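*Asks:* Listed here are the chains, written in short residue letters.
Protein chains: 2
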Amino acid sequence: MLDVCLLGCGGMMPLPYRWLTSMMVRYNGMSLLVDCGEGTQIAMKEKGWSPKPIDVICFTHFHADHISGLPGMLLSMGNSDRVEPVKLIGPKGLINVVNSLRSIAPELPFAVECIEIAGNEQDFDIGGLKLHAFKVAHSIPCYGYSVSIDRAGRFDADKARQQGIELKYWNKLQHGETIETGDRVLTPEMVMGPDRKGLKVTYATDSRPTDSIWKNAIDADLFICEGMYGEKDKIDHAKANKHMTFYEAAELAVKAQVKEMWLTHYSPSLTRPDPYMKEVRDIFPGAVAGKDGMSKELCFED
Amino acid sequence: MLDVCLLGCGGMMPLPYRWLTSMMVRYNGMSLLVDCGEGTQIAMKEKGWSPKPIDVICFTHFHADHISGLPGMLLSMGNSDRVEPVKLIGPKGLINVVNSLRSIAPELPFAVECIEIAGNEQDFDIGGLKLHAFKVAHSIPCYGYSVSIDRAGRFDADKARQQGIELKYWNKLQHGETIETGDRVLTPEMVMGPDRKGLKVTYATDSRPTDSIWKNAIDADLFICEGMYGEKDKIDHAKANKHMTFYEAAELAVKAQVKEMWLTHYSPSLTRPDPYMKEVRDIFPGAVAGKDGMSKELCFED
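Just so you know, the sequences run in chain order A and C.
Sequential numbering from 1 applies to the first sequence in our numbering.
Sequential numbering from 303 applies to the second sequence in our numbering.
Worth flagging that the hints you see were computed from the coordinates, not collected in a lab.
Please read these numbers as outputs of a predicted model, since none were measured by experiment.
It is possible that some hints are incorrect.
[Stated by the list, open to error] With a Cα cut of at most 25 Å, we get these calculated DSS-like pairs of lysine-lysine:
| hint | chain 1 | residue 1 | chain 2 | residue 2 |
| --- | --- | --- | --- | --- |
| 1 | A | K291 | C | K347 |
| 2 | A | K130 | A | K92 |
| 3 | A | K47 | C | K593 |
| 4 | A | K278 | A | K234 |
| 5 | C | K580 | C | K534 |
| 6 | C | K561 | A | K45 |
| 7 | A | K47 | C | K347 |
| 8 | C | K347 | C | K593 |
| 9 | A | K296 | A | K47 |
| 10 | A | K239 | A | K278 |
| 11 | A | K197 | A | K172 |
| 12 | C | K474 | C | K499 |
| 13 | C | K534 | C | K593 |
| 14 | C | K349 | C | K389 |
| 15 | A | K255 | A | K242 |
| 16 | C | K349 | A | K47 |
| 17 | A | K172 | A | K135 |
| 18 | C | K580 | C | K561 |
| 19 | A | K291 | C | K561 |
| 20 | A | K45 | C | K347 |
| 21 | A | K45 | C | K580 |
| 22 | C | K432 | C | K354 |
Start from the sequences, fold in the hints, and give me the full structure.
*Replies:* The structure is reproduced here in structure tokens:
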């Protein structure tokens, strides 16, 4: 089970009625945050989620609306008596930016490890969660992120019997162990059915539409995508500032065949996204106008 | 007329129902801000005041809850099409801290000038506003600030006549000009009565009680003072962390003979200050529990 929350849905600057865009994912007692702008820690408290179990904070890029809340977040994590190390992941330059921002948060009761993404794509294993970073197209280097959980196939007793595997080995094989008996090597693949559908959420913000986005979002249960402008005539603004319109985001959702898409990162000039949603859903019916604190439990099928 | 707003009244970390402590003063078309923590720009928008006319931002000290909102504030000022230079005033080290934080706000459409306070006290003239910084006693170097406007005396026609000053010079003298006639030098003092009471607001936060605080707050129309704890048994916490209880703040207000005191910088553990206010007012009757967005127009007497 993957617990996903869009803590805020604004872009550029925090507003009294709209927190900055940030996604939090909870899984198996740990939490992962993507982006941390000014006020993200307040949005989190408003939602009732805790900063303490955050093991990883990923940054799409270093514009202030995506990272200005980092010093306060780290201090609040410290004040919650966290002592376990925290991993920060982001584009090249992360170490410098984090060191600079920590001029006002120099003392923390936990270690901070910075990982700068190398190249266009990179995989990370975060306590059983698969994290995949992929480059998008903004005015400065920027990455999207997919967070996913794989799901093994079912145990296939017939398959085990057909291969003459003794009953006493079944449980271990089902739990991923490889076993050497006197004469043969038994592997989990010998007793398991095909992998089942896992869970996946993809987050992409501050970008023009790119192939990397829709390819990385393929089959996502939830695709959280920037839509800076609902007004169609703002397409030139979107192109100039390397952002997307709602309709461009919807086209990406169609290509990626995701289950559901939440729009986010609205321009401060966009007071209400709803009036544009009918046309967006004409393109992609699973489109939803993101709202601060909107959350969803992604659960395995069956 | 001095327009004063306590934008937030929290200490340590911003909370869903409490912005961080910050004071904004508006005077004659310009604005001055003291402290700018995470969310201060949102508190300002919530109040309906604008970041654009802020000519000066003063910092008491460099703990994150007093400065973490600076990059976002500067960017929002830039987005409001401000082009006039902005002055930042704070303890020694300001230039380094500001340069570090500007790693995420490198490009602004206005110049930023940093002034590091030298010594224990320093005066500044901010477009007719008198700003006075004074050292307080926190765990790191920290200053309080008084903002005041002087008020000249009334024009004294009798005095002018007694000194044989011709009527044609009265108006110029009244407006502060010095005039050389053929045989004598005429100065404003020759025609003006004694200075009248001006306006003054004093702001002190993150400190143990000090003589510098009450001496600098003497006769203030409004004294905004930290009160981290309302619980009397937290005096040891207050001493250890270099903060004050409500009662210590009230004692300072008594010594300084201020008109009114607003408490601020509440500990996150303090949910409601009101239950403690009766006892605080037993010490100083003009004590008020500060609230986010509380504001007051200070006007000349008469």
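*Asks:* Are the hints correct? Go through all of them and say.
*Replies:* Going down the list of hints, with the structure as the test:
{"no.": "1", "hint": "A/K291 to C/K347", "in the structure": "20 Å, holds"}
{"no.": "2", "hint": "A/K130 to A/K92", "in the structure": "21 Å, holds"}
{"no.": "3", "hint": "A/K47 to C/K593", "in the structure": "23 Å, holds"}
{"no.": "4", "hint": "A/K278 to A/K234", "in the structure": "18 Å, holds"}
{"no.": "5", "hint": "C/K580 to C/K534", "in the structure": "13 Å, holds"}
{"no.": "6", "hint": "C/K561 to A/K45", "in the structure": "37 Å, violated"}
{"no.": "7", "hint": "A/K47 to C/K347", "in the structure": "22 Å, holds"}
{"no.": "8", "hint": "C/K347 to C/K593", "in the structure": "16 Å, holds"}
{"no.": "9", "hint": "A/K296 to A/K47", "in the structure": "13 Å, holds"}
{"no.": "10", "hint": "A/K239 to A/K278", "in the structure": "23 Å, holds"}
{"no.": "11", "hint": "A/K197 to A/K172", "in the structure": "22 Å, holds"}
{"no.": "12", "hint": "C/K474 to C/K499", "in the structure": "22 Å, holds"}
{"no.": "13", "hint": "C/K534 to C/K593", "in the structure": "21 Å, holds"}
{"no.": "14", "hint": "C/K349 to C/K389", "in the structure": "23 Å, holds"}
{"no.": "15", "hint": "A/K255 to A/K242", "in the structure": "20 Å, holds"}
{"no.": "16", "hint": "C/K349 to A/K47", "in the structure": "23 Å, holds"}
{"no.": "17", "hint": "A/K172 to A/K135", "in the structure": "40 Å, violated"}
{"no.": "18", "hint": "C/K580 to C/K561", "in the structure": "17 Å, holds"}
{"no.": "19", "hint": "A/K291 to C/K561", "in the structure": "45 Å, violated"}
{"no.": "20", "hint": "A/K45 to C/K347", "in the structure": "21 Å, holds"}
{"no.": "21", "hint": "A/K45 to C/K580", "in the structure": "31 Å, violated"}
{"no.": "22", "hint": "C/K432 to C/K354", "in the structure": "21 Å, holds"}
Checked against the numbered hints above, the structure breaks hints 6, 17, 19, 21 and satisfies the rest.
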